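Enquirer: Sequence:
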Amino acid sequence: MKIDGACHCGQIAFEAEIDPDAVSVCHCTDCQILTGTAYRVTVSVPRDRFALTKGAPKTYVKTADNGHRRFQMFCPDCGSPIFTTGEGDEAGEIGIRWGNIRQRGDLAPKRQIWCASAMPWLDTVTDLPGKPGD
905 MKIDGACHCG QIAFEAEIDP DAVSVCHCTD CQILTGTAYR VTVSVPRDRF
955 ALTKGAPKTY VKTADNGHRR FQMFCPDCGS PIFTTGEGDE AGEIGIRWGN
1005 IRQRGDLAPK RQIWCASAMP WLDTVTDLPG KPGD
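Add 904 to the 1-based position in the sequence shown for the numbering used here, that's all there is to it.
Don't read these hints as lab results, they were simulated from the structure. Being a predicted model, the structure only gives us computed values, none of them experimental. Do not take every clue at face value.
Below, a list of computed lysine to aspartate or glutamate pairs in the EDC-like style, where the Cα atoms sit at most 20 Å apart [what the hints assert, rightly or not]:
#, residue 1, residue 2
1, K906, D925
2, K962, D925
3, K1014, D925
4, K1014, E921
5, K966, E997
Label pairs and their calculated CB-CB ranges [what the hints assert, rightly or not]:
#, residue 1, residue 2, range
6, D969, G1034, 31 to 41 Å
7, P950, T1028, 33 to 43 Å
8, R1015, H972, 16 to 26 Å
9, G940, R973, 34 to 44 Å
10, Q1007, C982, 13 to 23 Å
11, E921, V1029, 25 to 35 Å
12, G1037, A968, 35 to 45 Å
13, P1024, N970, 23 to 33 Å
14, N970, G1009, 33 to 43 Å
15, K1035, A960, 31 to 41 Å
16, D1038, C982, 31 to 41 Å
17, G914, N970, 29 to 39 Å
Cβ coordinates follow ideal geometry from the N, Cα and C atoms, glycine included.
Start from the sequences and build out the full structure, keeping to the hints where you can.
Expert: Right, dumping it as structure tokens:
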């Protein structure tokens, strides 16, 4: 599936050819802190199927507990997370941040990881009162 997207301010744009089954939810505490919310949704894609079409992201390097370094790429103007990648064997894969994908409504997660860190109230969100717009 061909996708495209951009950061909130439009300074960084990308396109990719993805497998729609490669969408996952991560509940790890790093993703919670980096997003400021309960979890992060990511679309994994081989590096050669991803291309920046506009701008240059800024990089934040996060070293995991296992010593692996993850490069968090984000817009230097609006701060939108764009993608992540690693080094060595992990450099061949890009994790596109779902919120920036224009076709995100067609990309439902197929799996979740780090479930031990998941917020216990997630299954109650659909029961909360809400409005279609505020």
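Enquirer: All the hints need checking, so say for each whether the structure fits it.
Expert: Taking the hints in turn, this is what the structure says about them:
1. A distance of roughly 13 Å separates the Cα atoms of K906 and D925; the hinted pair therefore holds under the 20 Å criterion.
2. The straight-line distance between the Cα atoms of K962 and D925 is roughly 28 Å, outside the 20 Å bound, and the hint therefore fails.
3. Restraint check for K1014 and D925: the C-alpha separation of about 6 Å stays at or below 20 Å, so the hint holds.
4. For the hint pairing K1014 with E921, the CA-to-CA distance comes to about 17 Å; that is within 20 Å, so the pair holds.
5. Of the supplied pair hints, the one linking K966 and E997 holds, its CA atoms being roughly 16 Å apart against a limit of 20 Å.
6. As the Cβ distance of D969 to G1034 is approximately 37 Å, the hint placing it in 31 to 41 Å holds.
7. In this structure the supplied range 33 to 43 Å holds for P950 paired with T1028, their Cβ-Cβ distance being about 37 Å.
8. Distance hint check for R1015 and H972: the Cβ-Cβ separation is about 20 Å, which falls inside the suggested range of 16 to 26 Å.
9. The given range of 34 to 44 Å is broken by G940 and R973, whose C-beta atoms sit roughly 22 Å from each other.
10. With their beta carbons about 20 Å apart, Q1007 and C982 fall inside the hinted range of 13 to 23 Å.
11. Checked against the hint of 25 to 35 Å, the pair E921 and V1029 passes, with Cβ atoms roughly 32 Å apart.
12. At about 39 Å, the beta-carbon gap between G1037 and A968 stays in the expected band of 35 to 45 Å.
13. The hint said 23 to 33 Å for the Cβ distance between P1024 and N970, and at roughly 26 Å that hint holds.
14. Evaluation of the 33 to 43 Å hint for N970 and G1009 yields a pass: the beta carbon distance comes to about 34 Å.
15. Distance hint check: the CB atoms of K1035 and A960 are about 39 Å apart, consistent with the given range 31 to 41 Å.
16. Distance hint check: the CB atoms of D1038 and C982 are about 22 Å apart, inconsistent with the given range 31 to 41 Å.
17. For G914 and N970, the Cβ-Cβ distance of about 36 Å falls inside the hinted range of 29 to 39 Å, so the restraint holds.
Comparing the model with each numbered hint stated earlier shows that hints 2, 9 and 16 do not hold.
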